[in-house]
Structure formats: C-alpha cells, structure tokens
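Asker: As you go down the protein sequences, you meet chains A and B in turn. Residue 326 is where the first sequence ends in my numbering, and the numbering goes up by one at each step. Residue 586 is where the second sequence ends in my numbering, and the numbering goes up by one at each step.
Incorrect hints may have been included.
What the hints assert, rightly or not - Chain B is faced by these chain A residues, among others (derived, beta-carbon under 7 Å):
no.: 1; residue: ARG77
no.: 2; residue: ALA210
no.: 3; residue: THR212
no.: 4; residue: GLY214
no.: 5; residue: ARG219
no.: 6; residue: SER220
no.: 7; residue: SER267
no.: 8; residue: ARG268
I should point out that these hints are in silico values taken from the structure, not numbers from a laboratory. Only a predicted model underlies this, so the values are computations on that prediction, with no experimental measurement involved. The C-beta atom is built at its ideal place from N, Cα and C for all residues, glycine as well.
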Amino acid sequence: MTGRTVAIQLGLLILIAALCVASLMVGPVHVPLSAWTDHADARWPIILELRLPRTILALAVGAGLGTAGAAMQGYTRNPLADPGALGVSAMAALGAVLTLYLGAGGTQPWVLSTAAMAMAMLAVILLLALAGVGSGVTTFVLAGVILQTLAGAGVALALSLAPNPWAVTEIVNWLMGSLADRSLDEVRFALPFIGAGVVLILFTGRALDALTLGETSARSLSVDLRVTRALLAVGVALVTGASVAVTGVIGFVGLIVPHLLRPLVGSRPGALLLPSALGGAVLVLAADVTVRIIPSGNEVKLGIAMAALGGPFFFVLLLSLRRKLA
Amino acid sequence: MTAAPTGLSAERISVSLSGQPILSEVSVEFARGGVTAIVGPNGAGKSTLLACLAGLRRPDGGAVTLDGAAILTLRPRERARRLAFLEQTPQVAWAIDVRTLVGLGRTPFTGARGLGVNDHSAVEAALIRTGTTAFADRPVNTLSGGERARALIARALAGEPDWLLADEPLTGLDIGHQLDTLALLRALAADGRGVVLTLHDLALAARIAARVIVLHEGRIAADGPPSEVLTAALLARVYGVEAVVAPGPGGLAIDLVGRL
Numbered sequence: 001m002t003g004r005t006v007a008i009q010l011g012l013l014i015l016i017a018a019l020c021v022a023s024l025m026v027g028p029v030h031v032p033l034s035a036w037t038d039h040a041d042a043r044w045p046i047i048l049e050l051r052l053p054r055t056i057l058a059l060a061v062g063a064g065l066g067t068a069g070a071a072m073q074g075y076t077r078n079p080l081a082d083p084g085a086l087g088v089s090a091m092a093a094l095g096a097v098l099t100l101y102l103g104a105g106g107t108q109p110w111v112l113s114t115a116a117m118a119m120a121m122l123a124v125i126l127l128l129a130l131a132g133v134g135s136g137v138t139t140f141v142l143a144g145v146i147l148q149t150l151a152g153a154g155v156a157l158a159l160s161l162a163p164n165p166w167a168v169t170e171i172v173n174w175l176m177g178s179l180a181d182r183s184l185d186e187v188r189f190a191l192p193f194i195g196a197g198v199v200l201i202l203f204t205g206r207a208l209d210a211l212t213l214g215e216t217s218a219r220s221l222s223v224d225l226r227v228t229r230a231l232l233a234v235g236v237a238l239v240t241g242a243s244v245a246v247t248g249v250i251g252f253v254g255l256i257v258p259h260l261l262r263p264l265v266g267s268r269p270g271a272l273l274l275p276s277a278l279g280g281a282v283l284v285l286a287a288d289v290t291v292r293i294i295p296s297g298n299e300v301k302l303g304i305a306m307a308a309l310g311g312p313f314f315f316v317l318l319l320s321l322r323r324k325l326a
Numbered sequence: 327m328t329a330a331p332t333g334l335s336a337e338r339i340s341v342s343l344s345g346q347p348i349l350s351e352v353s354v355e356f357a358r359g360g361v362t363a364i365v366g367p368n369g370a371g372k373s374t375l376l377a378c379l380a381g382l383r384r385p386d387g388g389a390v391t392l393d394g395a396a397i398l399t400l401r402p403r404e405r406a407r408r409l410a411f412l413e414q415t416p417q418v419a420w421a422i423d424v425r426t427l428v429g430l431g432r433t434p435f436t437g438a439r440g441l442g443v444n445d446h447s448a449v450e451a452a453l454i455r456t457g458t459t460a461f462a463d464r465p466v467n468t469l470s471g472g473e474r475a476r477a478l479i480a481r482a483l484a485g486e487p488d489w490l491l492a493d494e495p496l497t498g499l500d501i502g503h504q505l506d507t508l509a510l511l512r513a514l515a516a517d518g519r520g521v522v523l524t525l526h527d528l529a530l531a532a533r534i535a536a537r538v539i540v541l542h543e544g545r546i547a548a549d550g551p552p553s554e555v556l557t558a559a560l561l562a563r564v565y566g567v568e569a570v571v572a573p574g575p576g577g578l579a580i581d582l583v584g585r586l
C-alpha cells in the first residue's frame, strides 16, 4: 500500500512538471521552449515576471488548500469539510476586504495578509467551537453556513458602504479569485506562510489516523488532541489566510482533491495529506492554465472557474453521501 | 500503598457531572489473568468507571493506579502500551482495510514514519490471534457485525497490552457472535491479560466472567463470583425486578418474572 502511495505521488509530480511547462508557455502570448534559454528574447520578461510567479503561486495555493482540506476532513471525519465549504476562506476574505475598505490593504500588503490569516484563524476556532470534534455532517455544514453567512454579510456591508466606486471594483475583482498579474513579491510574501502551514498540518498525520476510531479511542491510543487541534488551527489559518490574501477566494480545492485521492491511498487520513498537497497543486495549476486557454475578451477568473467545477462536484458528493447515510 | 505492584486499582474515586454524583468513592482492584464484568442498571456509572480506569477521565476525587503508578501521571504512550481501551460502539470513519485498522493499535509505538518491522509483526500476530487474517484486506465497512467486533479486538490487541478494557463490547451483535466474542475475550485473559468489561446482559456476564461487579447509583452494590453476586435479592434491590435465578448449563439461568 505504501508502494501504491509512492506511485501516486510520483504520478502527480510528473503531472506537475508537465503543467509547469504548459503554464510557462500558455497565455495571450505564446512562449515556445526555444525562448526560455535566451535571456535576450523579448518574451523572457513575460516568463520571469508574469508566468513564473503565477505558476509558483498556483502550486503553493493548490498544495496548501489541498492539504488543509484533507486534514480538515480527517479531523472532522467528514468528507464535506474544506476551508472553502466551511467558510474559512470566506472569513479570510472578509478580513482582507475590511483592510481594502479601510484603504490600508493597498498601501501595506502585510496588513491585508495578516487580517486574512487572523480571520481564518478565528473561523477555524469558531468552527471547532460550534461543531466540535466528531459532530455529525449536519452540524459541521451548518456551522460552515453560519460562517459563510457572517462573512458574506460583512463583505456586503463593506461594499455598500464603500467610499468610492474604485474601492468597490477593487474589492469585487479581488473577491473573484485569480492568479493573473501576480508578481514575485507576492510569491515571496505568501510562500513562507503557506509552507509553514503545510508543514504544521503534515505533523497531524498520526493523530488523524487514530481519529478514524473516534476521539475517545484516539486519546486511549496516546494522541493528544489539544496538540492536534492547535496544529490544525494554526496550519489551516496560515494556509488559507495567506492563499486568500494573494489570490482571493479559490474554493473547492480542499474538497475535490482529497475526495478523489482517498480511495487510491487506502483511505488512511494521514496517508492522504501529502498526495492531497500534490493533487491540489495539479488541480489549481491545471485550472489556471485552462482559464488562460479559454478564448474570451477578459480572462475568466480562476475562482469562478473553480466554483463552476466545484459546485456540481459538491452536489454529486452530497447525493452519494445521502445515499450512503440513508 | 494498598495497590498491588502489577494490578489495576481504583481508590475511592468519585465523579460528578453538573452536580449529579455519577461515582461515589468507588474502590476496586483488578488482577491480570481473568475476566471481570461490570454490570448495573442504566446510569449506574459503568462507562464512567471504565473511562477512569483507562486513564481517560480524571476523577474529581481519588486515584486510579496501574502497576503501582498513578495512571494520570504516566506518559500517554506508556499508558497506551500497557492498557487498551475499546469504546462503546466504536465508529470507523473511513473505508480503511482491516489490516490498516489493526495497525492503528500500534499508534502508541509509532512516530511520523509510520509502522516499522516490529509493528507489522505485532499486527499480523493480532490478526492471527483473533482469526481475522482471512479478511485482513477487506474494507472495514464491508464486514459483518461479528467480523467487525473481532477486527476491533485485534486493533486493541495489536498494541500488545497487559490490560484490555472494553465498554459494552457486545452491542449490536447477535447471540452467536456474542458468544464468539466472549470466548475470544476469555482466551485473551487466559493468556495472562487483565480483561475488564462493562456488560448489559447478566446471563452473559455470569457466563464469561469469573468475577462480577454490580454498580448501583455510583457505588459497588456487590462484587464476587457470579453465582454469589447475581441473586434474586440483588436483582430486586438494584434493578427493581422480580426474577428467578437458578444454576443452568451455561452458567446462570435468569428468568424474569416482572417489574417490582
């Protein structure tokens, strides 16, 4: 079984490599491989300043959200858990929007990111408080709905009270989630936080495995759930907050990826974390390459493309779950 | 100290929940090598007592001692290696296979690297001991109730514990599989482990256990061999039922006459 997990991870790594090549080539301006080595080529800045940051961010955000989703599902023992579906991303977005509304987000990038991460942390803590470990599917989804509603109301309030149309446009554009026109500065800013978050989450693997048997059994097997909870809350908050801060809301990654990979790794939640990181990177990068290929006047926003993909997926998942529960 | 050097004991432990006493100064000692059944009416405090004995619940007063050391002062890994706990109607969240499930019993021994050679051999030994090898590769959610019960016991056994504490291990099993599970638990005790169970069914308790402890309103109402403990007078006092108790071919025959 470990052999199979290794094979899956190798396969995902190969996919990532192929997608990286595609991501550096594809866009409004086609950049063939021949231009890559020639620094004098006029298209070189496109690669370095536009496509490279975009590619790295897609990998990092995808890996982070995939890991966060897998860990939240493992911890709650609920296949519907994910930072997007449970309102963590929406709360992070609210934090960011508030700084945009107050005008601080544009001037100091760390203000926006810190606000996003702080709100993501608050969201995770609220989720755990509202639903707790091992509550049923319904409780968790309801807790998520509460957070989504709160965050949505806050964002709507900020929009309706926005001082000028320019702020409204900025907020709306940013909310839709995109990787276009990101710079290496944003990469430098987001990467350490997402990386640290993923590492923290990876430390929960043993506890997530034991939690398959429930909270009491996990404790009887020497798992300290307070440590697990702390690692998870901080890890998910860092990943989601930093991701949302640089790309806006990109949902469904943490929902789709672990679900697809789970049967392939034998369903053990700890074994699902690393493959979900790789799978998330694949999904977001593939989606980002796709939105660049779609012929349209303005590029389709990545967040919208993911929602278009994730919505029906969520629907089918819910149907199959209902059949299983019935 | 009154605690035996290799035993599990509770000394005057009390637990109350929002002002309601659940356990009142319960003192009890267990030795390895036998099965003890804790019985009693609903709400008598059976599960709470078992959770305290397993070191999973801190009593408001008193202390639980494992092999001479206060159980709450043991490192969790140390405690978990010596004592396995099977919770009531355990849920297995994901469609893991039986071997993976049993491997979870090695959690007190593993770090970030997962199972090592020793862990794998302990898992195989637990599978063999419980007769679950044949379906070790099947997902847990496809097992029958009886197979599942054995797989869960194998999980507890994989940690090679000296003590096995199980809360209502027979819930949801048909009578045939109840007898199978009890036979397995008794065999595990005969290997030298201490087995402590909570049970609902008095006849089954009498059949498996050399010793029966009756809890009533958070206190021990009786403690001893089943034939001495489970008398008509006790059933009337503790359960409020009229019953005829007679020695039977399988232990005790308890014929309920009616509610008192």
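Asker: Each of the hints needs a verdict: does it hold here or not?
Answerer: Tested hints:
1. ARG77: Where the cut-off is 7 Å and the nearest Cβ of chain B is about 4 Å from ARG77 of chain A, the hint holds.
2. ALA210: holds, 5 Å
3. THR212: Check passed: Cβ of THR212 of chain A comes within 5 Å of chain B, closer than 7 Å.
4. GLY214: Cβ of GLY214 of chain A sits 5 Å from chain B, so the hint holds.
5. ARG219: Where the cut-off is 7 Å and the nearest Cβ of chain B is about 6 Å from ARG219 of chain A, the hint holds.
6. SER220: holds, 4 Å
7. SER267: This hint holds: SER267 of chain A lies near chain B, its Cβ roughly 4 Å from the closest one there, short of 7 Å.
8. ARG268: Constraint on ARG268 of chain A satisfied, holds at 6 Å.
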